[in-house]
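Colleague: The listed protein sequences derive, respectively, from chains A and B.
UniProt numbering puts the first residue of the first sequence at 1, with every later residue one more than the last.
UniProt numbering puts the first residue of the second sequence at 1, with every later residue one more than the last.
The hints are simulated quantities; they were obtained by calculation from the structure and are not laboratory data.
Heads up, some of the hints might be wrong.
[As the list claims (entries may be wrong)] 16 angstroms max Cα-Cα, derived EDC-like pairs, lysine to aspartate or glutamate:
hint : chain 1 : residue 1 : chain 2 : residue 2
1    : B       : K440      : A       : D369
2    : B       : K10       : A       : E31
3    : A       : K15       : B       : E185
4    : A       : K275      : B       : D94
5    : A       : K43       : B       : D2
6    : A       : K275      : B       : D95
7    : B       : K13       : A       : D93
8    : A       : K10       : B       : E182
9    : A       : K212      : B       : E97
10   : B       : K4        : B       : E231
11   : B       : K72       : A       : E6
[Unchecked claim] One side only, chain A facing chain B, incomplete, derived with CB under 10 angstroms:
hint : residue
12   : S4
13   : H28
14   : E31
15   : I37
16   : S59
17   : T67
18   : V96
19   : F133
20   : A183
21   : T231
22   : D274
23   : G286
24   : S293
25   : P310
It should be emphasised that the depicted structure is a prediction, and the values quoted were computed from it without experimental measurement.
All residues carry an ideal CB built from backbone N, CA and C; glycine is no exception.
Now for the letters of each chain:
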Amino acid sequence: MALSQERLGKYNPEKPTENRITDIGPRHFWEFFPPVIQKNYGKWLYHDILEPGIMVHVSETGDKVFTVRCGGSRFMTAENIREICDIADKYCDGYVRFTTRNNIEFMVTSYEKVEALKKDLLSRKYISGSYKFPIGGTGAGVTNIVHTQGYIHCHTPATDASSMVKAIMDELMDYFTGMTLPAHVRISVACCLNMCGAVHCSDIALLGIHRKPPIVDDNIDSICEIPLAITACPVGAISPGKTEDGRKTVKIKEERCMFCGNCYTMCPALPIADKLGDGVAVLAGGKISNRISEPKFSKVIVPWLPNNFPRFPEVVATVKKIIEVYAAEARKYERIGDWAERIGWEKFFEKCELPFTEHLIDDYRLAYDTYRTSTQFKFTGAAWEVSRAAGGIDD
Amino acid sequence: MDFKPKRPQKELKYEELRIYTDEELHNYTEEELKDFKIKHDIPDLEELEKGPWPSFVADAKREALHRKKLPKDRMMIDQDVVDDLLGQLQLSFDDGETHWKHGGIVGVFGYGGGVIGRYSDVPEKYPSVAHFHTLRVNQPASKFYKTDFLRALCDLWEFRGSGMFNMHGSTGDIILLGTTTEQLEPLFYDLTHELDQDLGGSGSNLRTPSCCIGKARCEFACIDTQDLCYELTTHYQDELHRPAFPYKFKIKIDGCPNGCVASLARSDMALIGTWRDDIRIDQEAVQAYIRGEIQPNGGAHSGRDWGKFDIQKEVIDLCPTGCMVMEDGKLVINNQECNRCMHCINTMPRALRPGIDTGVSILFGAKAPILEGAQLAVLTVPFMKAEAPYDNIKELLEKVWDWWIEEGKNRERLGELIQRKGLPRFLEVIGVPAAPQMVKMPRTNPYIFWKEEDVPGGWKRDIKDYRLRHKR
Chain A
1 MALSQERLGK YNPEKPTENR ITDIGPRHFW EFFPPVIQKN YGKWLYHDIL EPGIMVHVSE
61 TGDKVFTVRC GGSRFMTAEN IREICDIADK YCDGYVRFTT RNNIEFMVTS YEKVEALKKD
121 LLSRKYISGS YKFPIGGTGA GVTNIVHTQG YIHCHTPATD ASSMVKAIMD ELMDYFTGMT
181 LPAHVRISVA CCLNMCGAVH CSDIALLGIH RKPPIVDDNI DSICEIPLAI TACPVGAISP
241 GKTEDGRKTV KIKEERCMFC GNCYTMCPAL PIADKLGDGV AVLAGGKISN RISEPKFSKV
301 IVPWLPNNFP RFPEVVATVK KIIEVYAAEA RKYERIGDWA ERIGWEKFFE KCELPFTEHL
361 IDDYRLAYDT YRTSTQFKFT GAAWEVSRAA GGIDD
Chain B
1 MDFKPKRPQK ELKYEELRIY TDEELHNYTE EELKDFKIKH DIPDLEELEK GPWPSFVADA
61 KREALHRKKL PKDRMMIDQD VVDDLLGQLQ LSFDDGETHW KHGGIVGVFG YGGGVIGRYS
121 DVPEKYPSVA HFHTLRVNQP ASKFYKTDFL RALCDLWEFR GSGMFNMHGS TGDIILLGTT
181 TEQLEPLFYD LTHELDQDLG GSGSNLRTPS CCIGKARCEF ACIDTQDLCY ELTTHYQDEL
241 HRPAFPYKFK IKIDGCPNGC VASLARSDMA LIGTWRDDIR IDQEAVQAYI RGEIQPNGGA
301 HSGRDWGKFD IQKEVIDLCP TGCMVMEDGK LVINNQECNR CMHCINTMPR ALRPGIDTGV
361 SILFGAKAPI LEGAQLAVLT VPFMKAEAPY DNIKELLEKV WDWWIEEGKN RERLGELIQR
421 KGLPRFLEVI GVPAAPQMVK MPRTNPYIFW KEEDVPGGWK RDIKDYRLRH KR
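One chain only, chain A, in its complex shape (with noise of 0.2 angstroms):
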């Protein structure tokens, strides 16, 4: 038993079915549990979060696992999972995982270990200076961002994820080791609006938008099922034409394009990415958990902000301006959706300083059910807008 070390291993081409091992799914999980959690496995009493970042498991039987959550830039290469293993030989007896937002999570057994562990976690920098593994991410604060590949690994983006998400967590990171909030904030990004991932359920989310239609390449009948890329179309502004010399090809009604890049994605031959035209449009109020109130999707809030490389000013700005008002003003236990429902959406563009602008109105299918229908309202500056507009007030 070893790893093959030739160019092609063991594997042979001339008959590539022979040997051949299939459908044997993941490796069991009960191994890649730690003793403590064996043995604890369904008898957890209750927990504590110590301090950000580090929890306590109380068991029926009195045990106690501590664990010590870190932030992870997902993105990693084997140097970093091999350092990764040194401290969890060190200290975990070789176990460790991964959370579903993308955090590491060291445990240990006694809280003597903990502060060993924590202090070798936070000695560790990189040569240019940040945290490989900064401590934090529980409780009532801002924790991991889960993201997409951008421009790493996809052809369909319309910005990029882990740098976006670098420039955020470098501007929220006294919120990933502070738990200040009225309740977590889950942050996501996707850079297109396949939204792989969480962000259309997220608190605030960071999504990837065209503002271009498509450009047809000629080659078009070659390279695609044309009634796929015309059936890709949620608008129908896809139907099929001629060229002048009598080819199949595409007509796209320009004004009838919302610039999803969905037909981009079933044909090569409609490219739409355009370092103008694209950037990140905010969303934000979405939750997943069923706590207190229903989960709620994230509501578009910015239609768009520049891609401005590699730090995203704007976006990050936009973030924490979101997070800063929330944290004034929402109640304990509110989630930012929660919070702006309860003040209404008007108080939350006015008290987050942002525009109101007319691609914030739904008028996609369904979009009636989010138009006003009652004169539950409160004034805010842009109903006043409204007024002097229609010529309600002289002021």
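We have chain A; now place chain B onto it with these hints.
Modeller: Relative to chain A, chain B alone:
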């Protein structure tokens, strides 16, 4: 409680599996790293080395240096792959556009998915990422690891791939980021033969199921999330590896309604742990919370002074159904009215616990916006027991698949099919009666379909009969 895998698992020892020697693994010094420059100019990326959050650029650079210092024949893909990835990323920042070509269809024999093909559109500038395919490796349930496994995977991937990972992909897989087509089969061979480990899913199939940490380390977990996840994953290996569906299908398993793996938003079939008996109350612990001896919410808000814990204000008044009161110094919950939102349990975990008659609520049809708009999952089965071997859950799932495979249009998610055909049709297919739990409210429009057999006299009517009673 003890879980046994269905088949014996190969015991992994890194010392037996390893490719690289200790010298090869520690082949650069801090000094070298300090002076190290990758082969392209990357000013924007170097800017991202600053600041406190772990810098993926700084991490990538050490991998680049490590590869440079390994002898060329100790890696099966180009030594400069990390340099070229960073170089191309910088170019993408300059151009404000991605530099990956559209699509890419590669894989391993016997499977129709698991590998995402990717090619650079500037291969002359960045030749070592000309091929840059991703492999999805099915993660162990809830992502616990032993270092032997991770170290062996690192050696394998550094030897046959880029040495770059995502830990983890959003669906849950370990992502091996970047290798050539030639290396896919040798990688798969060693993954299966040596690491006893399979690929995950991609394409129009069952994707890799995932679950929250469950009973492994959470007192709220109502079900064995890992066991259920592992069982469904291994039982449906064919559906996972060989795309046979109209589109993708995801299963996620949450141990309770807190939703730590976000099943309700991110899976076509969401299995969420719940209970149907009473919340367990420890009145003494309730008093300890009231007296301020225990911090509310496990201390989650301790970074700020929110005042003394006020059970009325923080628990009873926030209960969405108003089913709690304090009576004679005791906390009383009217469990018939409780909707199990978890708030009181989250706030006083030492005093309140979920019931013991547990199972799952099953919700279907969550998806992201493309095509018909984003959907959260729809409550379909309010309660089902969830005990190994989970035959009831499998039977239900297969009824859903039978219908969707037959009726679903090309690239139509289950949630969209339910929208197109209507929730009533879906209920008929899976053989459950309608219940008020399935709706937020009854319909407001009166456009009601009736089946012919449910209406006395049926639909075959003669206008002549009508005219006998009603002159034209």
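Colleague: Checking against the hints above, which ones are violated?
Modeller: none
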